[in-house]
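**Q** Use the sequences and the hints to build the structure in full.
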Amino acid sequence: MTLDTYNAAHSARRRADEHWSRRRDLERQLHDGPALRIAALALRLGLLAQKARCDVGGLPHDIEELQNQLHLIQQELRAVADRIYPPLLHEAGLGPALRELASNASLRVDADGGRFDPAVEGVAYFAVLAVLAALQPATRTVDVVIRRDADGLALDVGNVDTGQIGAVRDRVQWVGGVAEVRGGLIGTIKVRIPCE
Amino acid sequence: MRVALADDGALFRNGLVLLLEAAGHEVVGCTADGDTLVELLTTEPADVAILDIKMPPEPDGGLSTAERLRADHPELGLLFLSHYAETHYLLRVLHIGTEAIGYRLKEKVGSVEVLSDTLTRIRDGEIVIEPVLAQRLVERPSSSRRDMLATLSEREMDVLRLMSEGRSNAGIANLLFVAAKSIEKHISSIFLKLGLPSDAAEQHRRVLAVLTFLRSAQEIG
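The listed protein sequences derive, respectively, from chains A and B.
full-length UniProt numbering numbers the first residue of the first sequence as 1 and each following residue consecutively.
full-length UniProt numbering numbers the first residue of the second sequence as 1 and each following residue consecutively.
Keep in mind the hints are simulated off the structure, nothing from the lab.
Predicted model only: the values in this text are computed from it and were never measured.
Hints are supplied without guarantee of correctness; some may be wrong.
Some but not every residue of chain A turned toward chain B, in silico, with C-beta under 10 Å [what the hints assert, rightly or not]:
1) ALA35
2) ALA42
3) LEU43
4) ARG44
5) ALA49
6) GLN67
7) ILE73
8) GLN75
9) ARG78
10) VAL80
11) ILE84
12) LEU88
13) PRO96
14) ASP161
15) THR162
Taking CB as the label site, the calculated pair distances span [as the list claims (entries may be wrong)]:
16) B:ASN14 to A:LEU185: 54 to 60 Å
17) B:LYS181 to A:GLY163: 51 to 57 Å
18) A:ALA8 to B:HIS95: 45 to 51 Å
19) B:MET148 to A:LEU66: 39 to 45 Å
20) A:ALA52 to B:LEU11: 20 to 26 Å
21) A:ARG28 to B:ARG68: 24 to 30 Å
22) A:LEU66 to B:PRO131: 15 to 21 Å
Just so you know, even glycine gets a beta-carbon here, dropped at the ideal spot from N, CA and C.
**A** Here it is, written out as structure tokens:
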């Protein structure tokens, strides 16, 4: 029986690793393919506008409008990429990726710069995102503390609605993590995820 | 203007060379990585170097290349072009320098006018920051600096926003349809309200004001 449980946990973790690595690869594919092509296309349109600069039929203006559309497509691709796997999470880790959200949410991030595998960083990032999404915007400053200790990831999300514990637990259990509440309705959600 | 560039994406690199030439600039070097560009620029003088942030040497070749270039050629302007509009990279760019430096999105420099304007301002010593990035930082400052910024008037916020895009006083005056003198008054008031030291040089205080403003959205240092 013990052996069966052990294997199930391992297999769940393997599936989680595959899932998050695939998400990271998908983001990469978006960047290396369509995003770069669109950026190059914007330049070619600029060249066309330069050739058509004496056109009296408004061609340069139409071309500029097309370039604006390309910029909007790029912004949409960036938003999709962030929902799949934020490129900054992959490049620089949890601290910088969460700090980037500080421009959209009131958030203080204290991170020691430790790195974890893609599944752990992905699960932790989207768990914090879920907690932030449940808050009224700009009502309080959320405190996030990220540490790498001997057991793995220690993540504290403070000054939040602790009713979100269920959503956090659902996410972190996938990679063998645990979550608990300290404080009352507004308090701290503490997450621990074991890492090798 | 003499321009050198490095980007590992051939499609974008070639498009950029064509557009630079159409704008009347001389492309003195075009490489797929940072190391080759550094080597090339030891013999070939240039006014501005255009760098992709994510290129070899990995991981952020544009940033490490820029640090070497700034040390070797302090006069050389640096323009970062990236697919990513992240404050994380903006702050790293500003650590390399706050003069003759720029960070713009790849798809936003696709016209002769914008490209030349960006390059000219950088060559002349200004900071050029992608407006969507500057805008995002102004609108959502985080709580710790919010109090300080909240004391600024609406007009002072407009001025600070334009300063963070690297505009000169004359440029700001033009955009806001007011005299340069009143912009100077606004800026003194901004310096005062942000508590910037009055003994520092004007340019230095300007950079500090912009950094205060940028850091208000991101807790760093």
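**Q** Can the hint on THR162 of chain A be confirmed by a CB-to-CB distance to chain B that is less than 10 Å?
**A** Nearest chain B Cβ about 21 Å off; hint violated.
**Q** Quick one, is the ALA49 of chain A hint okay against chain B at 10 Å, beta carbons?
**A** holds, 6 Å
**Q** Between ASN14 of chain B and LEU185 of chain A, is the Cβ distance one that fits in 54 to 60 Å?
**A** Holds, since ASN14 of chain B and LEU185 of chain A (Cβ atoms, about 58 Å apart) stay within the stated range.
**Q** Holds or violated: is the Cβ of VAL80 of chain A closer than 10 Å to a Cβ in chain B?
**A** Since chain B brings no Cβ nearer than about 13 Å to VAL80 of chain A, farther than 10 Å, the hint is violated.
**Q** Taking 10 Å as the limit, does the beta-carbon of LEU88 of chain A come near enough to a beta-carbon in chain B?
**A** holds, 6 Å
**Q** Starting from the hint 39 to 45 Å, judge whether the C-beta atoms of MET148 of chain B and LEU66 of chain A obey it.
**A** holds, 42 Å
**Q** Regarding the hint that ILE84 of chain A lies at the interface with chain B, is the smallest CB-CB distance below 10 Å?
**A** Hint violated; ILE84 of chain A Cβ to chain B Cβ min 14 Å, cut 10 Å.
**Q** Verify the CB-CB distance for LEU66 of chain A and PRO131 of chain B against the hinted window 15 to 21 Å.
**A** The hint (15 to 21 Å, Cβ to Cβ) holds, given that LEU66 of chain A and PRO131 of chain B are roughly 19 Å apart.
**Q** Tell me if the interface restraint on ARG44 of chain A is satisfied: Cβ within less than 10 Å of some Cβ in chain B.
**A** holds, 6 Å
**Q** Under 10 Å is the threshold here; is the Cβ of ARG78 of chain A close enough to any Cβ of chain B for the hint to stand?
**A** holds, 7 Å
**Q** Kindly confirm whether 45 to 51 Å is satisfied by the beta carbon distance between ALA8 of chain A and HIS95 of chain B.
**A** holds, 47 Å
**Q** Measuring from the C-beta of GLN67 of chain A to each C-beta in chain B, is the shortest one below 10 Å?
**A** holds, 5 Å
In this structure, the earlier hints numbered 10, 11, 14 and 15 are contradicted, and the remaining ones agree with it.
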